[in-house]
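Novice: Here is how the chains run, residue by residue.
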Amino acid sequence: MSDRGDPVDGTGVGAATSADQSGFERPGEVPLLEMRGLTKRFPGVVANDKVDLLLYEGEILGLLGENGAGKSTLVKMLFGIHEADEGTILFRGEELKPSDPGDAIDKGIGMVHQHFQLVPPLTVAENIVLGAETTRAGGFMNRRAAEARVRELSRQYGLDVDPTDVVGDLPVGIQQRVEILKALYRGAELLILDEPTALLTPQETDELLAIMRDLAADGVGIIFITHKLREILAVTDRVTVLRRGKSVGRTLTADATTESLAEMMVGRSVVLSVEKPPREAGEAVLSVNDVQVRDDRRQLKVKGASFEVRAGEILGIAGVEGNGQRELVEAITGLRSIVSGNVSIDGQEVVNRPRKVREMGTAYIPEDRERDGLVGPYSIADNLVLTHYYEPPFANHGVRDFEEVDKKAELLVERFDIRTPDIHTPVKSLSGGNKQKVIVARELSDDNTLVVASQPTRGIDVGSIEFIHSQLIAARNEGLAVLLVSAELDEIFSLSDRIAVIYEGRIVAQRDPAATTREEIGLLMAGGEVREDSAA
Amino acid sequence: MTASAPPLTRSASNLNSYVARNAKALAGLGVVVVALIVAYRWDGTQTTAVMARTVREAAPLILAALCGLVGERSGIINIGIEGQLLLSAFCGFMVGSYSGSIILAVVAALAVAGLAGTFLAWTSIRLRMDQIIAGTVINIFAIGATSFFYVPNRTMATIPTVSLGFLSDVPLVGPMLFDHGPLTYAALVAVAVVHVALFETRWGLRTRAVGEHPSAADTVGVDIFRLRYLNLTLAGMLAGLGGMALIQSAGVFNRGMSNGKGFIALAVMLIGRYRPTGVLAAALLFGFFNALQAQLQFKQVFDIPPQFFGMIPFVLTIAVLAIAGISVRPPAAVGKHYEKE
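Chains as they are written, first to last, in our numbering: chain A, 1 to 536; chain B, 1 to 341.
Since the hints were made in silico from the structure, they are not lab data.
Here the structure is a predicted model, which means the values were calculated and not measured.
Glycine residues also receive a C-beta, built at the ideal position from the N, C-alpha and C atoms.
One should not assume that every hint holds.
With a cut-off of at most 30 Å between alpha-carbon atoms, the simulated DSSO-like pairs for lysine-lysine come out as follows [as the list claims (entries may be wrong)]:
| no. | chain 1 | residue 1 | chain 2 | residue 2 |
| --- | --- | --- | --- | --- |
| 1 | A | K428 | B | K340 |
| 2 | A | K228 | A | K246 |
| 3 | B | K340 | A | K97 |
| 4 | A | K97 | A | K107 |
| 5 | A | K428 | B | K336 |
| 6 | A | K107 | B | K340 |
| 7 | A | K246 | B | K340 |
| 8 | A | K246 | A | K407 |
Computed footprint of chain B on chain A; a stretch qualifies when at least three of its residues, placed anywhere within it, have a C-beta under 8 Å from a C-beta of chain B [as the list claims (entries may be wrong)]:
| no. | region |
| --- | --- |
| 9 | 100-108 |
| 10 | 130-138 |
Please construct the entire structure, taking both the sequences and the accompanying hints into account.
Specialist: Here is the structure:
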């Protein structure tokens with residue numbers, strides 16, 4: 001895979017080097033995009049190290065890799081945000097050195113950023129034409145022409161949008177279409193999609209994959225960045241795998257399997273399915289009864305949710321983000337006041353006092369670890385005792401005992417495999433996966449009865465995901481009640497003993513994972529009607 | 001005040017949808033018109049005096065609030081409007097006084113307030129300074145400089161009012177709208193110009209994008225920083241006109257004569273929901289209370305110390321901000337430094 005010789009210009013040579021794949025290179029055809037030996041260094045790190053990449057017109061290339069593998073850096077060089085230190089980019093056989101995004105756009109490259117670059121109060125048409133407006137004399141906007149052009153593009157590519165809608169009112173899936181149209185409006189021949197499925201429901205994801213196929217059929221080349229193997233296998237023609245900045249694998253998708261890709265991505269074989277012994281659930285630990293909660297804007301966000309989590313089981317709450325999960329979790333952990341209904345843990349009612357709720361035996365892995373789970377500038381040791389710093393043995397009569405803190409920290413760093421030079425390192429300097437391990441170490445090392453884990457593996461590397469999953473399973477096996485809130489269906493399915501689906505602030509269904517399908521859960525997450533005949 | 005005019009060139013169905021979209025504003029306008037007619041029937045002289053003064057008092061507020069609006073729509077908070085008003089009134093006055101030329105006076109006022117705007121943009125873009133502090137710097141500098149260089153007992157030629165022919169003879173409406181100093185007309189024209197520019201031109205689209213979501217504008221090749229420099233300078237010039245409006249009728253400069261108008265303008269901008277037409281309505285409201293208190297004092301209707309009347313605009317500011325401020329959503333990127341990747 002990485003034993004390739006120097007890429008030589010033209011055709012044929014590389015084919016021999018990428019093992020015995022036929023059709024990897026197409027002799028006689030000029031590739032839409034070719035990257036040769038692209039290198040980008042930042043102070044202290046080599047973000048991309050001699051990366052090669054090949055893509056023909058009308059193809060979809062999957063760019064696969066963990067967070068921090070260098071995927072974003074690579075496409076940012078292509079899009080003119082970063083400049084390559086070494087190597088060349090060939091676009092339709094000609095060297096491309098975009099000086100800035102505007103230049104890249106002019107050359108026919110479009111990018112849909114992970115965080116949408118849309119202005120919410122503006123209309124669809126305004127967003128699409130921004131920066132490339134058609135104007136009348138005097139700089140006046142020609143709104144009708146813009147709207148007509150958007151309608152035309154929308155018909156041509158089957159991307160259904162109304163140009164007069166205000167973008168901020170549209171669902172995420174439609175906003176993404178606007179982003180794609182924005183690129184097509186500018187004449188993009190190569191479209192970069194940076195983690196486009198991260199915020200989509202399963203149905204929206206399927207729609208997007210279909211759109212990608214249509215665009216490719218129309219001759220648009222697509223670079224599809226993701227870390228979801230399922231999507232790579234479903235839609236791409238070829239895959240380039242990055243690991244620690246190097247391209248460690250290039251293959252046609254037809255020759256790849258989930259296992260082979262996962263191994264390339266992580267660098268060792270990965271246990272994709274979690275070992276989970278069957279276990280009888282015990283008494284209810286957490287019970288949530290008809291709870292209503294408001295969000296920060298004082299709108300009712302949880303509209304009467306009821307469920308139980310019993311000792312020794314994992315209840316997975318599946319749902320698209322923004323359907324009240326955050327508010328629900330904050331109500332359970334005492335961070336947010338409950339409008340009506342009640343939550344009890346071991347029969348004790350939860351009040352709006354987080355420390356009290358913790359002392360009742362609750363561990364909490366928050367959704368936003370930087371904001372709610374850690375104090376960035378504090379040391380790892382201090383972060384590990386955040387929940388107990390004020391009581392013995394970590395403090396006596398209000399005076400902290402640093403020896404005890406360090407002792408505990410050394411123990412946890414060892415046990416939870418937190419990769420750090422020192423326990424006194426500020427926690428903000430750790431990688432995402434290690435930060436999350438600090439939280440998990442703190443929360444799961446205490447003597448608790450309930451674990452509330454909200455999006456526990458978002459944005460972290462596969463190794464850390466495996467580890468955190470095994471820790472959650474271990475907690476369940478020890479008889480703790482685990483409430484898992486996740487937008488990742490894979491995670492929900494591999495960990496949960498029962499699945500509850502949240503939609504618009506209500507638990508719309510509860511299912512036995514063995515007796516349901518991804519499709520059914522996906523449909524429920526999107527608010528679809530499913531007959532209540534298999535309720536768990 | 002000219003909201004009954006159809007917006008640009010639209011067909012009848014567009015006019016209907018325009019009416020539907022602006023139903024509340026049009027209803028409010030209707031109420032004001034009816035109230036004016038009733039008041040005029042009750043006491044024509046008083047009503048005319050108060051309303052003419054309302055528009056006159058509103059002019060500097062309109063210009064100052066538009067200055068704040070253009071700045072915030074581009075993502076920069078300007079609390080230095082007070083200083084810009086004071087500096088431009090002072091420089092306009094001094095240049096007018098020594099040169100005898102009103103044109104030169106206006107040019108000087110525009111230049112100094114525009115420069116203050118450029119300075120604000122520079123501190124926030126280049127120095128990455130807190131915008132509130134930068135605005136405060138302008139205010140403190142303006143108070144110090146205009147006091148230090150103040151020359152007592154100077155006067156300049158007053159700027160004559162311009163009566164627009166027969167229009168100015170229409171009862172009530174004439175004195176209200178068509179018998180003012182040129183800077184009062186400028187304020188009314190500025191509302192229309194900023195409105196059209198903001199919502200109908202390429203500049204406006206880009207400005208709104210930059211104030212809401214700068215990286216979205218950046219990724220499609222809009223030069224955010226250049227636009228912010230340009231807008232803050234242009235906005236400063238609006239405040240410069242506002243400064244001239246302060247001295248246009250009296251022909252004198254007094255220390256601290258902006259008297260909080262730059263801050264009230266921020267309230268006007270907020271109550272006007274960051275829209276030029278809203279700014280016009282809000283400024284007229286403040287102007288009306290100012291005119292009313294002046295008239296009440298003048299006529300000695302109540303036997304109350306004049307300071308209490310003078311307080312009205314400020315009490316009103318607090319009251320309206322407390323009520324209206326809650327639901328107003330400022331442009332999303334206001335006050336934030338933009339990090340280019």
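Novice: All hints, please: hold or fail.
Specialist: Structure-based check of all given hints:
With a C-alpha separation of about 22 Å, the suggested pair A:K428 and B:K340 falls inside the 30 Å cut-off, and the hint holds. With a C-alpha separation of about 19 Å, the suggested pairing of A:K228 with A:K246 holds against the 30 Å cut-off. Restraint check for B:K340 and A:K97: satisfied, since their Cα atoms lie roughly 19 Å apart, inside the 30 Å limit. Only pairs whose Cα atoms come within 30 Å are accepted, and A:K97 paired with A:K107 is accepted, the gap being roughly 10 Å.
Between A:K428 and B:K336, the direct Cα distance comes to roughly 23 Å. Compliance with the 30 Å bound is thereby established for this hinted pair. For the proposed pair A:K107 and B:K340, the alpha carbon gap of about 21 Å is at most 30 Å, so the pair holds. Taking the CA atoms of A:K246 and B:K340, the gap is about 26 Å. The hint holds against a cut of 30 Å. For the hint pairing A:K246 with A:K407, the CA-to-CA distance comes to about 39 Å; that exceeds 30 Å, so the pair is violated.
With 4 residues having a Cβ less than 8 Å from any Cβ of chain B, the region 100-108 of chain A passes the three-residue criterion, so the hint holds. For the region 130-138 of chain A, the stated coverage by chain B holds: 6 residues have a C-beta nearer than 8 Å to a C-beta of that chain, and at least 3 were required.
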